Amino acid sequence: MHIAEGFLPPLHAAGWTVVAAPFVVHGAREVRRLVRERPDARLLLGAAGAFTFVLSALKLPSVTGSSSHPTGTGVGAIVFRPPVMALLGTVVLLFQALLLAHGGLTTLGANVFSMAVLGPWAGYGCYRLLRRAPLAVAVFVGVAVADLATYVTTAFQLALAFPDPTSGLVGSLARFLGIFAVTQVPLAVVEGILGVLLVRALRSWAGPELAGLGRVGEPDVREETVDA
Amino acid sequence: MARLAIDDAAWGNRWRTRSTGEKALLALGLLLVAVTTREPGVSAAVLVVAVTCALAQARVPWRTYLRVVLAPATFVVLGAASIAVTVGSGTGDAVWSAGPVAVTEATLARAAEVLGRSLAATSAMALLATTTPLVDLVAGMRRLRVPEAVVDVAEVMYRFVFLLLDTLATVREAQASRLGYGGGRAARRSLGMLASTVFVRAWTRAQRLEDGLAGRGGTGSLRTLAADRPVSVPFVLVSGAVLAVLSTWSVVG
Chain V
5 MHIAEGFLPP LHAAGWTVVA APFVVHGARE VRRLVRERPD ARLLLGAAGA
55 FTFVLSALKL PSVTGSSSHP TGTGVGAIVF RPPVMALLGT VVLLFQALLL
105 AHGGLTTLGA NVFSMAVLGP WAGYGCYRLL RRAPLAVAVF VGVAVADLAT
155 YVTTAFQLAL AFPDPTSGLV GSLARFLGIF AVTQVPLAVV EGILGVLLVR
205 ALRSWAGPEL AGLGRVGEPD VREETVDA
Chain G
12 MARLAIDDAA WGNRWRTRST GEKALLALGL LLVAVTTREP GVSAAVLVVA
62 VTCALAQARV PWRTYLRVVL APATFVVLGA ASIAVTVGSG TGDAVWSAGP
112 VAVTEATLAR AAEVLGRSLA ATSAMALLAT TTPLVDLVAG MRRLRVPEAV
162 VDVAEVMYRF VFLLLDTLAT VREAQASRLG YGGGRAARRS LGMLASTVFV
212 RAWTRAQRLE DGLAGRGGTG SLRTLAADRP VSVPFVLVSG AVLAVLSTWS
262 VVG
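Same order as they appear, the protein sequences are chains V and G. Take any residue in the first sequence, note its place counting from 1, add 4, and you have its number in our numbering. Take any residue in the second sequence, note its place counting from 1, add 11, and you have its number in our numbering.
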């Protein structure tokens with residue numbers, strides 16, 4: 005769920021940009037370090053970013069018939085770890101704003117914080133906590149939580165910007181949560197299933213590529229993915 | 012080859028040969044004015060300037076431009092409707108009410124303000140998106156000292172987006188022609204396979220590209236020669252004047 009261009013008041017837009025900036029700078033440093041160590045990471049990260057962008061062109065058969073699409077941040081965070089995802093997610097959001105008119109430049113900071121920072125960290129945290137659980141469960145929970153955390157954060161950002169005159173922040177939060185729950189909750193479930201299918205298909209078809217993934221992202225991904 | 016309407020417009024409009032800097036100055040300036048203003052008149056003026064520049068000057072196809080401006084419509088309308096409605100007691104000046112739910116003049120005014128701001132800001136952003144190819148903007152970021160590694164990743168991404176959209180369309184067609192989307196269960200399975208095929212293709216293509224580059228001794232960044240586009244002084248002066256007038260109007264009110 006991207007906040008549209010110009011939707012947030014200027015102070016909020018600037019504030020969220022300031023909040024998101026350190027994560028993105030940290031991510032940029034991670035990527036720079038990665039590319040210095042292995043020059044091929046540049047192309048692989050570019051391909052992964054493009055994949056995330058293209059995922060947003062995949063319309064999911066959502067319950068409400070609306071055009072929800074997967075955010076891809078959950079799987080990305082599991083595969084690449086959240087810091088790298090923060091930078092990749094930022095570039096993807098920029099591409100979505102400029103190539104699909106989805107999201108915006110002034111609301112980029114707010115969208116980066118919910119979609120590329122908080123969602124991935126929450127999803128990745130759950131995935132790590134469920135290390136002992138079957139892989140499918142860990143991936144499903146990780147991806148679904150990344151989606152839900154993103155949606156709750158966006159609703160919170162909107163509620164903070166537009167508190168209800170009578171019931172205040174809480175009333176407003178409940179309303180924004182309610183209005184977007186119709187599309188976002190089924191989306192989280194469907195994307196969780198899709199994430200499991202994606203990882204399962206990758207395990208059966210793409211052994212060498214997954215080995216490459218582990219090398220780029222996190223050394224223990226390969227062990228976890230293959231052995232679990 | 013897969014195409015995106017905005018990208019097509021960005022490569023084919025009359026402002027294609029203008030320097031990235033001057034287009035960014037005008038569009039981002041308009042965007043800044045649109046987001047910060049509280050005057051409905053200024054919002055309307057930004058909208059008029061952006062639409063005039065895009066359609067009359069740059070000759071962006073009006074369908075593309077309209078689609079860009081209306082793309083976030085669902086979100087904006089839902090969001091604005093949610094702002095207009097208030098729940099709870101103490102709604103004295105209700106314009107409309109049903110039980111605990113009410114629409115007051117204050118909330119209605121705020122929703123209208125958000126609608127106007129979104130529309131004006133989107134039209135300004137659309138001016139940049141439909142007149143400047145994304146690669147030009149990425150090259151501009153390199154000049155603004157964004158880390159080289161980040162710019163490289165963005166450039167590779169731009170190239171891969173179109174390759175992957177092609178793969179996506181082809182695989183999807185093949186699945187659909189085998190009734191892969193016939194039912195809910197099959198559709199979910201097909202989607203999982205589609206996503207993973209596209210992922211594996213992206214991955215192997217990136218590795219092949221890397222092998223090809225490594226074989227030619229390429230280790231550094233993938234820089235290309237940018238066309239020399241001098242900044243047009245009249246364009247900058249006129250843009251500056253328009254922005255000055257709009258921001259003064261916005262501040263003075």
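In short, the hints are calculated from the structure, not lab data. One or more of the hints may lead you astray.
What the hints assert, rightly or not - Chain V residues, not near chain G, derived (Cβ > 10 Å throughout):
#	residue
1	G50
2	R132
3	A140
Stated by the list, open to error - Output of the computed footprint for chain G on chain V, the stretches with three or more beta carbons under 8 Å from beta carbons of chain G:
#	stretch
4	90–97
5	166–177
What you are looking at is a predicted structure, and each value in this text was computed from that prediction instead of being measured. Note that beta-carbon positions come from the ideal geometry of N, C-alpha and C, so glycine has one too.
Evaluation of the provided hints:
no.	hint	in the structure
1	G50	3 Å, violated
2	R132	22 Å, holds
3	A140	12 Å, holds
4	90–97	holds (count 4)
5	166–177	holds (count 6)
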